[in-house]
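J.: Residue numbers (numbering that gives the first Met the number 0), protein chains in the order written: chain Y, 0 to 928; chain L, 0 to 364.
There may be inaccurate statements among the hints.
As the list claims (entries may be wrong) - Here are the simulated DSBU-like pairs of lysine-lysine, each with C-alpha atoms no more than 30 Å apart in a straight line: (1) Y:Lys-35 with Y:Lys-16; (2) Y:Lys-815 with L:Lys-272; (3) Y:Lys-3 with L:Lys-299; (4) Y:Lys-813 with L:Lys-299; (5) Y:Lys-845 with L:Lys-324; (6) Y:Lys-729 with Y:Lys-3; (7) Y:Lys-35 with Y:Lys-815; (8) L:Lys-299 with L:Lys-324; (9) Y:Lys-241 with Y:Lys-912; (10) Y:Lys-845 with Y:Lys-815; (11) Y:Lys-3 with Y:Lys-815; (12) Y:Lys-729 with Y:Lys-222; (13) Y:Lys-3 with Y:Lys-912; (14) L:Lys-324 with Y:Lys-849; (15) Y:Lys-813 with Y:Lys-845.
Note that these hints are calculated values from the structure, not bench results.
Okay, here's what each chain looks like letter by letter:
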Amino acid sequence: MRIKRVRIGAFGPFSEKVLELAPGMTVIVGENESGKSSWHAAIYAALCGMRRGAGRRSEDRDFIERHRPWDGDSWSVESTLELSDGREIELTNDLDGRVDCRAVDLGLGRRDVSSEIMFEGSPDASRWLGLDRRTFLATACVNQADVLFVLDNASALQEHLQRAAATAGADETAARGLALIDDFQREHVGLDRANSVKPLRRAVVREADAERSLEAANRAHDKYLVQLETVERLESEVGAAKRQLDVLTAAAAVRDAARASTKAERARMLTGELEGEQIELEAVQRATDRVSGAIAAWNAAPAPEPLVGPSSADLQRELSALPAAPIGDLLPARAVIDGDTAWRAARRALEAHSVAAPPQAQPVATSLSIAELRELARDMSVAVPVVDPELEQTHEELERRLAALPERRVSIPLLVAAAAISALSVGAGLLTTPVALIVGLLLGAGLVMLAVRNTLRDARAPLLVRLLDNESQLGQSRLAADGARNTISAAKATAAAAGLPSEPTGLMALAEEVERVTGVAERRRQWEAAYAEHERAAQNAASDLRAALTDRGLGAFTDFANAVNEYRTVCAARARLAEQASRRPQLERELETRRHAEAAAEAARRRHEAAKQGLAQAAQEQGLAPAVATTTAAALLEWQEANRERLARGERQARARGELDSLLAGSTLAQLANEAEEARRHTEATSADLPRDQVEARAAAAGLDAELANARADVASAHVAAAAARGELKQLSGASATVSGAEEELAAARGELERVRRLEATLSRTHEFLERAQERVHRDIAPVLEQTLDEWLPRVTGGRYTDASVDPEVLGVKVKDPAGNFRDAGLLSQGTLEQIYLLLRMALVKHLTKPGETSPLIFDDVTVQTDSSRTVAILDLLQEISRERQVIVFSQEEDVRRWAEDRLDRENNATLKLEVPPLAPIIHDQSSN
Amino acid sequence: MRLLHFADLHLDTAFSWAQASVASGHRQAIRATLRRICEVAREERVDALTCGGDLYEQERYTADTAEFLASTFADVHPLPVLLAPGNHDWLGPSSIYATARWSPNVHVFQDDHLEPFEVRAGVTVWGASHRAPANTDDFLHDFHARSGGLDLGLFHGSERSGLLQQPQGKEPHAGFSAYEISAAGLVHALLGHYHAPIDGVDYTYPGNPEPLSFGEDGDRGAVLFDFAQDGTFTRRRIRVAQSALDVIDVDVSGSASSQDVCDRVAAALGGYKGIARVCLRGEVEPSLSLDFAVLHYATKDLDFVQFDTQGMRTAYDLEAIRAEKTVRGQFVLDVLDAPLEADERHRVLVTGLRALGGRADLEVI
């Protein structure tokens, strides 16, 4: 796209002005107040128009305030564009009402093509570039402030790139957007953690609280309903209890009425019965009692029978004549009898033992035992073995023969040693173990073998061998004989020392004698021991018998037998006396019995007399003729029989009178009748609405009063229970939270939680998408920026910087210095940074512009703060850039004008000068003079 | 024979869309509606006042509701008040019907089959009650009125063909078919359960007399009947509601600020009072940051307002933005292509574009 022409209808200080722009680079130079900024704004407004719609943004308001026509004319601008597809478009923008805003295709007869580029209600030609009026301003328009900002802030370049990548420079960077999301999430959502006070946690807690409240409200309501049912039930029970009480009360009334009626009737009957003769019941009873008493007394006191047997005096005399009971044993005591028996037996045993005494033993003079004597005898009898004479002969022969031969002395010590060892081993083997014997013999044999080996080399060897063998046998034979002799000698020596026979026979005989004497002595010892025992037993038996007799009262005695006989005689005498005295208790009992019998007989006689007198008196009282007692008794019985009916009648009268008095109880018959009538009327009143059969059944049942009392208690307790339940119900009624309220709060809490969770999900999703978009766009744009820098940087820096890298993550720019090191672009010289910045702006415009189109670049005083060389460098760069896209440069500098005039050809470029408009003449008001 | 019929009052119901004070106030309005119904009954000198069930809500009623009902109906004594419990106020041991101290003019139908109540000679109302919150059978099944005079039905039930006209989620209770009414010998059935009013040939649903939710349509209220002995009748609906729950749509297209929206809302309300759901519709400028404090100022004369912004969209030129080779463009492209629900997509887009725009109000309301 290239802007060919801009026409101002009225804009800021200008009206009806036209600016023709070159397809390449157009430098527009003008001093301050020449309208550069106005033309810059007019070009922008002519291209992009202004947003049309309700409400104004602040930047719109600023733009309007700054660029509205000074003279109040209709604010409008036009532009003529050439698009990359060759179309020539005329844009008209009514910046006042924004009504007459349109784009027409001049090549198609001014066909309205506004719809292609409508944005925010009005045509925006930057839409053909894939931008919009905001992003075009941020991207394609470069002003002094932009450059200065980058130069003054090391991170501004990176931030600019990020902003451009994120929103084409119109808004925030993606990182800032992500940070805003994070901040918003932290503040308006927060974490669902226990100590958090942020909305999410609050909403969670609120929902939980609301759920609990609803649960509590439901529970309270259920409890209320249950209690309501309870109250209903209890009140129903009160009603039932009252009905029951009413029935019982009516039944009681029926019963009482019946009783009252019965009472009145009964009183009337009794009154009738008591008319006529009044019998004095007490007098009749007294007379009857007296007669009955006399008859009973007579019947109970018959004439007594005479007593038989010895009198009490006789028995007393007999008792006095009895002897006293003897003191002492009546029969011999067991201790005496047993003691006597034991004593006699002990005496007999002692005597028998004394008769059979054995003789005393005569001792034998020797200190040796029987075994020692016999051993000596054996030793003396040992056989002495005879040495074989052939062995001796052979020995002598061999010695002679050896003496005749030369000697090899070497072997002799060995033979001697062997012989000695053999002899020792035999002796050792005999005295100790066969092992020693075997070892010794083996050793001896070894030495012999050694000697034999040596000797075999000698001619004497065979003889030596034989000699050795012979000497061995001979030695053994002699040794045995010596041993036997030694044994015999030792035995004899021992016998001689002990003064014993020195021959075996004598010793054996002595041993037998010793054995015999020993036996005799032993038998005597045993007899003496038994005798002592018998003697002890006899003494003990005598002692026991003495003690027993002494205990029984016998004095001093010397002869046990006589003492025992005396004792037996005394016992017999006592026994006879005791038999006599034993009759005393019997006689005493007989005497007592007799005395009682005599007393009873006397009492019976007296009663009989009294009864007789009683009969006579009773008969006299009843007016009967005196007679003998039996006759009188019979007469009285007859009188008693005749009086029985009168007595009964009197009793009936008394009962009736008592009953009547009880029934009346101070009232009259008429009063009783009235009471009965009253009770009947009361019954009718209380039974009015009650089931008659029930009332009558209860009235007839037993225990009505108790039942009535229970019913009253039941009603009272039912009332109490119902009242308590009502009280509890009233308390439950006062529960603060209603179910509806709790449900509403829960709905609100859930709504809030849902809102927060939805917000959380939205923020999270948005973050995710934004982050991904940032990553992707940065990844796409970084190489584009790199490529542009790689292409242009060497050219504009004179080869000083040849390579660039752009970090796709944060769009940080580094360039490779001559040393080959990559350095952060923000840290380079201002001039290089400016160039890099302008190249990146160009790269961004190129990247962000829709493919197929090129966007013009508009620069406004971008070299004001640079020195001449840098200014030239920048202008050179812009000239380079203008080869591929339209570049419009506004500047107030003379250097720029000179450069343009020197360097720009007129074919594709242009240099324009803006003049400062003349001041309007000051018109003085003449009327003031 | 003249009678006034109503149903589905739903005393003590919950209003999840309202704040606590507003909900409580609306429940009071329902009580005022019942008083108004009783006033109308007196004014119109009816022979009976009938209620087709759901008079209150068993799971939510408060302790003084029983006293309120008893005293309200006692005030019209000796006018017969016939009550047929429904599925929300089913007759159980702890229901108000069983525990309240009714005045003698109140008759509560006790059984789950139609039982007669002679309003006057020759006119019998056959009523039945729900004795459980669900699974109540057709009251008209195997029933035939036998009074020999003018027989009317009074019960809470679902006429099968009317279920489709009801809001989604309405469950059938004691379902029956319209033809069963005349087959049962009833001249007319005075019903309850459906909140949307229905004037059928053989039956009438009066509708809930006091609004319970926003956007209720139809002429709801109490219905005044005049029955002739031959069974013909006239029917007139009487509005008894004490409040209104209206839905007011406001076009806020093009609004760039909360004030713009506020002005349009104020213009749309035009002095309306009561409770309203204000639905904001249209595409608004991206610069708009909706401030509900400003909006509530515009609606300060209302008893309560609920704002619905689901129809509001932010007018980003997404097609233009997605064509940018910027992070913003890539972001919009990715979000538009992602398999998201429409609402979520809108929220993500607006949130991301606002964040890139440096705005701190990132919650899309």
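J.: Could you tell me which of the hints above the structure violates, numbers in ascending order?
T.: Hints 2, 3, 4, 6, 7, 8, 9, 11 contradicted; others consistent.
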